[in-house]
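There are 2 protein chains.
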Amino acid sequence: MKYNQFAYSLPTPQQQILELQRIKMYPVDVAQYSFDKLTRRIFRQFFPDYRSQAALETQLRNLLVDEQQNLFTYLANIGDRFEQHAFYNVALQLLGFYTPSEFSLDDPIATMKQLGLPFVDKLYFNTESLTSAVYQLLNTPSKNGLTFIDNLAARGYYTINLSANEQQRPLFFNGKAQATFSADQLIREVVYVESDLDTDHDGQRDLLEATIIRPKPANDFIKLPALYTANPYFKGTTDTPMNEVNVKLAVKPTGDARENQDNFDDFPTFDTTNPSAALTNPFANHSSVAEPSLIGTVTLNDYFLHRGFASVYAAGIGTRGSDGIRTCGSPEETASTIAIIEWLHGDRRAFTDRSRLDEIAAIWCSGHVAMTGKSYLGTLAIAAATTGVTGLDTVISEAAISSWYDYYREHGLVVAPQTFQGEDADVLTNECFSRQKDAGDYAKVKLFYQEKLAQMKHDQDRETGSYNHFWDERNYRNNIDLVKCPIVSVHGLNDWNVKPKNVYKLNEALKAQGIAHKVILHQGQHIYINNFPSLDFYDLINMWLANKLCGLENHADAIFPDYLIQSNLDESDWQTPTNWTGTKQKELSFAKDFDNSANHKTEFIDDGVKAFHESGLSDLAWEEAFINQDERFAKNQLVFKTPTANEERLITGRPVVQLTVKSSANRGLISAMLVDYGEAHRLTVRPQNLELQARQLGYHGPLETTMAFKPDTKMTSAKLIAKGHLNLQNRNNAYEGQPVEPNQEYTLDLNLQPTYYHLPAGHQLGVILYATDMGMTIRDQNELTYSFDLENSLLKLNLGKTER
Amino acid sequence: MKYNQFAYSLPTPQQQILELQRIKMYPVDVAQYSFDKLTRRIFRQFFPDYRSQAALETQLRNLLVDEQQNLFTYLANIGDRFEQHAFYNVALQLLGFYTPSEFSLDDPIATMKQLGLPFVDKLYFNTESLTSAVYQLLNTPSKNGLTFIDNLAARGYYTINLSANEQQRPLFFNGKAQATFSADQLIREVVYVESDLDTDHDGQRDLLEATIIRPKPANDFIKLPALYTANPYFKGTTDTPMNEVNVKLAVKPTGDARENQDNFDDFPTFDTTNPSAALTNPFANHSSVAEPSLIGTVTLNDYFLHRGFASVYAAGIGTRGSDGIRTCGSPEETASTIAIIEWLHGDRRAFTDRSRLDEIAAIWCSGHVAMTGKSYLGTLAIAAATTGVTGLDTVISEAAISSWYDYYREHGLVVAPQTFQGEDADVLTNECFSRQKDAGDYAKVKLFYQEKLAQMKHDQDRETGSYNHFWDERNYRNNIDLVKCPIVSVHGLNDWNVKPKNVYKLNEALKAQGIAHKVILHQGQHIYINNFPSLDFYDLINMWLANKLCGLENHADAIFPDYLIQSNLDESDWQTPTNWTGTKQKELSFAKDFDNSANHKTEFIDDGVKAFHESGLSDLAWEEAFINQDERFAKNQLVFKTPTANEERLITGRPVVQLTVKSSANRGLISAMLVDYGEAHRLTVRPQNLELQARQLGYHGPLETTMAFKPDTKMTSAKLIAKGHLNLQNRNNAYEGQPVEPNQEYTLDLNLQPTYYHLPAGHQLGVILYATDMGMTIRDQNELTYSFDLENSLLKLNLGKTER
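Those protein sequences? They're chains A and B, same order as listed.
Take 1 as the starting number for the first sequence in the UniProt record's numbering and just add one per residue.
Take 1 as the starting number for the second sequence in the UniProt record's numbering and just add one per residue.
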C-alpha cells in the first residue's frame, strides 16, 4: 500500500503560518509563543472530540514517542526541540497506523517513506521545521485515505475552533475547501425549472423538477457554488424488456446512412432568444417549497456538502415530477439538462410548484456550477459542456458516454454494453420515463409517448447498425467547438459498459480545441473511485473545484496531472504520462511474429451461437471461456500468441488490427480481442473492501467504506486487454454501407478500444480473431466461414515507456 | 410477494378516532366535519412534503381513482360516500405500487388480497368505514415494507403536524412508537462507567467506555428508554492468527473434565454488595463530555432513535477506551456488560473522562433498557439477561450464542463456526482486545495480558475438546433461573456460524422456567432481517418495546407469536406453529427404509484430508462437493436416500441419528448430515436486493435497501438441512472421556442441529454418515475405517403438520 498525493503542495514557511492561523491551528499571536507552549497547543488541537483536560491527557498518554515514553510526558519536558523520530512515531499513530503491527517505533521514517507520506527531513525540529511538519501532517493521508485535517474536521475540529460567525462559511486550507459545514444543518428543497421545450406536445413549456440540498450558510450574504448531477434514474426506473439479439446480420443498403432523415426529434420549442420572462417575484415564500425525501445522492456531492457546495439533482424531461417525455441522448435532453444550470446562474426562472404561479430564484447560489456523476449522469455532464452554457464552470464526469453511437453501436454493428445485451436507446428511454409511475400524470401523455417511442425504435435502426442522423444528433463531440469549460474525466480501463473509447475520443477532440481535459484512468469497471485510499481523489477534485468555482488561486491547472493512470500491476502505482498514446509504434505480422505463425490455421467458422445457448453460460462466463480457448468454442476463433516477452511492455492508446479477410457469404462481421496470456495473481477488476465505514465525510456526515483492487487470490492464465467489432459492410466507415462479395478479399483496419496495459515479462501477448461476440454483438446463428491472408495482416501497437 | 403483519390489530371505531386525533390525522372537532370536508382533509395530510395548495393539487391529480378520473376531481365531487374501488386504487398508489405494471385499476381488491394487505370489505364508505379504512391504511405496509404512517413520518408528517411542544417526544399509534424525532437533533456523548472489576490487575476499578446517541427531547422532563448494544467489535479489531486445525484427534484421559479446575478467571473484584459510592455530582458539565465519531451503529437502533429510544454502545473490558482485558465469554465480561445497564438505571456511577473526577448520571434515561444486536452482540444480551440485572426489561437477541461450548465445540470435539476454521475463544479474545491499538495504553498491560492469554489457550483445551470448567463458566444457560426479562430471539435456520442449537436449547430452558421467549426463525445465515418487507419486523419489535420499556398496554405478549418461522419453500410464508419440536416422531431404519438399503456399503475410510488439500477447495466448496457426492470424496462417506416422497414433509426440532458403529482405532469421530435431495429452484440463503435505498427510517434519517430471499435462478440438486459431530470418546456426554477400543461396537445417539424444514413432495431425504468435516472439525490426516451395523442404526425424526 502506498498513498499518492497529487493535490498537495508545500507553500512558503510564511504562508504555512498564515494558513495555520486561518484554520485556528496556530494562534494569531504565535510569535509570542515559546516552542514548548506552541507545541502543547498544537497537540491539544489534535483532539477536538475530547473536551476536558483529563480526557486530553488520556489521549496523549495513549501515544508513544518511543518504547519507553508517551507523548504526555514527552510534551511535559519538551524543551526547545522536537525529535523527528518522536514526531513521526506520534504522527503515524495519529494517522491511524498501529504499532507494532503496522510500523516499528524504532524506525517511523522507514514507514513514512514506504507509505509515500511526506515528512520533514531533519533530525530535530525547531519552530520553523515544526511548523512545516505540522502543516504537512494536517495534509497527509491518514490510514483511511482522508487527510488528517479532514478527519479532524469530521471529529468536530472546526465546530470547536470557529466562532459562530466563522462557522458555516467557506474556508480554504492548502488550496482545498474545508469541511466547516455540519450535516445537521442542511436545507432540502424541490423547485420546478421552466424550460423552452415542449417535448410532450401539451402546448406548455416543460417544467423540470430539481432537488436541492444545500448547506445552511452563516448568513444570507454568503453565496455558495453548486454541484449539479443530472440523473435520469433519480426518480426511479421502470422494468423494460430488452430487444431481441438472436437475429440475422442484415445485408444493408449502400449509401450514406446519415442522409436518411428521421422523424423522432421534431419537438416544438419556445422562443429561446428571450429565454425567460423577467423574474417577477424571485423571493417566494420558502416555507411553501416542497421538501424532497428518499434522495439517492452521489457520494462525491455529499463530501462537498460539508465543504460549502450545494448539491442539485434533476432527472430531466419525462421523469417523475417533470413534464415532457424521455428522448435518450437527444438535443432536447441536453437542453433540459442545462436549463437547471441556467436557473442556478439566474438566466431562467423556476417555480415553487407546478401551478407556475410563484417564482423562486436560486438566491443562495453564486452562479458557479460544476456537473458531476457517473455513466448516464456523467454523460449528461459532457452533453451540457458541449453547449457552452454560461454558469457551467467545469465538469467532473465519470465513465461517461461522449457519443451514443459508441455506446450502442460500433463500426456499423449493433454492439451492446456488457451485461446489457439487447439494450438500446429505446429501452433506456423507457426505463427512465418515470412519469409512468404517476398514473394520473402518465394518462395525459401516454398515446403521444407511445407514438414517439415507436418512431425511436425505427430511427435507431437496429437492422443495419449504421451511423445515421439519429446517432449523429447523439454525438456530443459534434459540438466540441462550443465547449468553454475545462473537464475532468474518470474512466475504468476495464469498463465494458461505457467503453473507454468514449473518453479517448473526447480527449482527442478537446486537445484539438485547446480545452483543458484531465483524464484519470483506473483499473476498475463501471465504478466510482472516491473511496480508494491510494489516490487523493477527493483532494484533487476539491483543489479543482476551489479553483474553478470559487476562484481560489491554487495552481490547480498546473498541479493536476493531464493523465493520471493506475497501473494494472500495482493498484497504488498511479502514473502521470504526458499522453495516452505512447511514444512509439510497433507492427507485428500475423504470419511471422507469433509463436505458432508457421503452421497456423487461416480460417474459422462462426457457428457458435447454438453451442453458446446449449452451454447455459452467462455472457461474462462465455467471454472467460472463449479467452481461455474452451473447446466448445475453439473452432469459432483463431488465436495468435507472441513468444514469451523478455521484458515488460506498456501497450498504450488504440491497438489496430489490420486484416486481409474474406467471408463465405455476402455479409460478415469481424471481432478481435487483445489478450494477456500468462499465469499471474492479477488485480481483480472489482474493488474489495479495505475497511468498513472507515471514514466520515464531515461533521456528523455519512460514513464511507474504503476499497482497493487487490491481487486475485487465485492465479489466472489470461486477461482481456482490449477488443473491437466491425461490420464488413462498414470496412471504411460506420455510415456508408458497402457490398460484401462472398469469398472476396478485403483489407481493413479494426480499431480496438484504447488501453494502457503493462504486459509483464514472461507473458505472451495474444490476439483472438473471431466474429460473433455473445455478450456484445447480435447473435446470428449462421455457418459463415472467415478466411485470412496472414501475410497481409498486422497487429499495430502503440507502446509507452515502462517506468518501473 | 406477500406482506405479513403480526404487530397490527384493529381497535374499536371509537379508539380509532381517538388515535387518529392523537396523531393529528383527524381534527379534535371531527364530529363537526361533513363527510366531504373530512375526506379532503385526510388526503391533504397524506402529502406532508408538498406545502402549497397547488403542489397538493398536482399530487392529487397524479393519482387515478379509475381509468377516467383522478383523485383531485373525484374529491371535488365526493358527496357523502367513498367507493371502495376508488379508495383502494388510490391506496395502492399511495403505498407505492404502480399501475398497470403492478395492479389493475379494474380490480384493486384482488391485489390487496394477493399482497395480504388489510382492507375494509364494504362497497361504499361512510364516515365510520372511511375512518376504519384510513386507520388501516396508515398501518398497512407500503411496497417498501414500512407502514404508510412510517413513510409519512419520514416525509415530515409529524414535523408539519405537531406543535413545537408536541415534537421530539414519544407518541404512540396502533401500539407502536412513532417517528417523531428528527435525525438533525441527536446528542452524542462518551462516558466512562465504573465497574467492580479489575481484570487488568492495576489496582483500580475498570472503567468502561459507553457511547450514547440520543434524541433531543422537547424538554428535560421527558425521560427516554435506551436500546443498549454491547459490541466487542465497536472499537475495532486486531488481526489474529487462527489455531492450527490439521492436527491429530487426541486419545483423551477418562473422567469428568469439569473437575479439572483452570486458572484463567481469577480476577480481583471490588465490593459488589455496595456497588457504587453515592453520586456526588451527577449533573456534570455536559460540554466537557467527549463526542464520539465514526460510530458503527446497529440499524435497528437507528430506527428507534427516531422513535424516542436512545442508542447506547459499549465494547466492554479490554477494548479501546476502556480498562481491563478481554476474557471472551467469561463472567467478568458479563459483569462488564451489565455495568452499563446499572449506570443507565441509576445504580452505578460513570465519569465524564478517565480522570474519575467528574461524575455523570444518565439523567435523560427512564431507566428502562433493552439490549439488541447480532452474533457476539446478541450473545452478550443473553449473558446480561442471565444475570437478572435490574433495568434490563427485555432483550432482542439475533443469532446469539447461549453457551460458548456450542459455538466452538460439540459433543467432545473442537468444531469451528463455518468459514472460521481454527477460531477459538483465545482468537476472538485477541481480536477484540482493541486496547492494543493504543500503544501507550497497551504498554501498561501487555505482560499481564499475554500471561492471561496463554492461560486461556491452555484452559480452553483444544487437545481434548471436552466440556470442562472453562466452558461451564461460559454456559449462560447455567444461570437460566436468574432470568427475569422476556426475550426475543432471531436466528437463521441456515446459520452455520452461530448454529441453531444455541437458540433451541435456550428456548427449551426458558420454557422450563416459564419465561416468555419469542422465537423468530428465518431462512438466512448469520444476518439481520429488519429490511425484509415480507415480515413486519420493525413493527413487531416496536410493539414489544413500547410495551416492555414504555409500559404501553398494547397486548404485545398475546399478539407476538411464540414461534414465527419462515418457510424454506416461500420467503413470504411466515408460519406460527405452537412449538418448534413438531407433533409426532418417526424412526427410519438404515437397513430397511432407504432406497439403497439392501445392498448398501456399511463402512467408509476417513482419509479425505489429503484429497481436500489437493483439491484447493474452500471449506464451503468442499461441503457442496461432499453433499453432491463428488467422486474425490465418495469413499469418505456413506450416503442413504429415502424413496421419493409422495407428499411434503415438515421436519422439525432436532433430528437424531442413532448409530451402532465401530472404529478401526482407539479413537474416532462421527459426523452426519441430513440432506434434501431433489432438483429445485431453492431459496438462496443469501438475501438479494429488492430495491436500493427504498425507505427512510425517520425524518432526515438513514435510507435502507430492502431485501428478500429469492428462488435461485439455477436448479440445485441438494441442500443441507442439518448436521452434527461427535467424538466417539464422548458417546455419553461432552464432559466425560470414555475409552474407545479398536473394532469394538458402540451404540450412540448423535443429535443434529435443530431445523424446521419443508421437504417437498418428489424429493428424497438423505443422510450422509462421515467423519472429518473439513470446514468444522479438526482435520486429522488418518486412515481410520468406520463400520456400521445398519440393522441397529436409526434416523429419528420429529415431524410437524404441513399447513400448505
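Be careful, since some hints might not be right.
As the list makes no split between identical chains, a pair holds if one copy fits it or if it spans any two.
[To be verified] With a cut-off of at most 30 Å between alpha-carbon atoms, the simulated DSS-like pairs for lysine-lysine come out as follows:
no., residue 1, residue 2
1, Lys641, Lys584
2, Lys714, Lys635
3, Lys801, Lys505
4, Lys24, Lys248
5, Lys710, Lys216
6, Lys2, Lys223
7, Lys801, Lys662
8, Lys511, Lys714
9, Lys505, Lys37
10, Lys248, Lys714
11, Lys122, Lys714
12, Lys710, Lys113
13, Lys457, Lys223
14, Lys446, Lys113
15, Lys635, Lys662
16, Lys24, Lys511
17, Lys710, Lys24
18, Lys586, Lys511
19, Lys37, Lys444
20, Lys601, Lys457
21, Lys601, Lys586
22, Lys641, Lys24
Just so you know, the hints here were simulated from the structure itself, not pulled from any lab data.
Status of each hint after checking the structure:
Taking identical chains as interchangeable, the C-alpha atoms of Lys641 and Lys584 lie at most 30 Å apart only when both belong to the same chain, with a minimum of 21 Å there against 67 Å between chains. Proximity of Lys714 to Lys635 under the C-alpha cut-off of 30 Å is found in both arrangements, the shortest distances being 28 Å within a copy and 28 Å between copies. Taking identical chains as interchangeable, the C-alpha atoms of Lys801 and Lys505 lie at most 30 Å apart only when both belong to the same chain, with a minimum of 22 Å there against 67 Å between chains. In this homomeric assembly, Lys24 and Lys248 never come within 30 Å of each other (Cα to Cα): the closest approach is 70 Å inside a single copy and 64 Å across copies.
When the C-alpha separation of Lys710 and Lys216 is checked against a cutoff of 30 Å, the pair qualifies neither within a copy, at 40 Å, nor between copies, at 44 Å. Proximity of Lys2 to Lys223 under the C-alpha cut-off of 30 Å is found in neither arrangement, the shortest distances being 38 Å within a copy and 50 Å between copies. Proximity of Lys801 and Lys662 under a CA criterion of 30 Å is satisfied in neither setting, with 37 Å inside one chain copy and 69 Å between copies. For the homomeric pair Lys511 and Lys714, neither the shortest alpha-carbon distance inside one copy (41 Å) nor that between copies (50 Å) is at most 30 Å.
With identical chains, the CA atoms of Lys505 and Lys37 are never at most 30 Å apart, being 58 Å at best within one copy and 62 Å at best between copies. Taking the shortest alpha-carbon separations for Lys248 and Lys714, only the inter-copy value of 29 Å comes in at or below 30 Å, while the best intra-copy value is 40 Å. For a Cα distance limit of 30 Å, the shortest separation of Lys122 from Lys714 qualifies neither inside one copy, at 44 Å, nor across copies, at 64 Å. For the identical chains of this complex, Lys710 and Lys113 are intra-copy neighbours only, at 21 Å inside a copy versus 50 Å across copies, given an alpha-carbon limit of 30 Å.
Taking identical chains as interchangeable, the C-alpha atoms of Lys457 and Lys223 are never at most 30 Å apart, the minima being 45 Å within one chain and 63 Å between chains. Taking the shortest alpha-carbon separations for Lys446 and Lys113, only the inter-copy value of 29 Å comes in at or below 30 Å, while the best intra-copy value is 64 Å. For the homomeric pair Lys635 and Lys662, the shortest alpha-carbon distance inside one copy (17 Å) is at most 30 Å, but the shortest distance between copies (56 Å) is not. Taking the shortest Cα distances, Lys24 and Lys511 never come within 30 Å of each other, neither inside one copy (42 Å) nor across copies (62 Å).
When the C-alpha separation of Lys710 and Lys24 is checked against a cutoff of 30 Å, the pair qualifies neither within a copy, at 39 Å, nor between copies, at 55 Å. In this assembly of identical chains, Lys586 and Lys511 lie within 30 Å of each other by CA distance solely inside one copy; the values are 24 Å within and 80 Å between copies. In this assembly of identical chains, the alpha carbons of Lys37 and Lys444 lie at most 30 Å apart only when taken from different copies (28 Å versus 73 Å within one copy). Taking the shortest Cα distances, Lys601 and Lys457 never come within 30 Å of each other, neither inside one copy (41 Å) nor across copies (65 Å).
Proximity of Lys601 and Lys586 under a CA criterion of 30 Å is satisfied intra-copy only: 24 Å inside one chain copy versus 66 Å between copies. Proximity of Lys641 to Lys24 under the C-alpha cut-off of 30 Å is found in neither arrangement, the shortest distances being 62 Å within a copy and 75 Å between copies.
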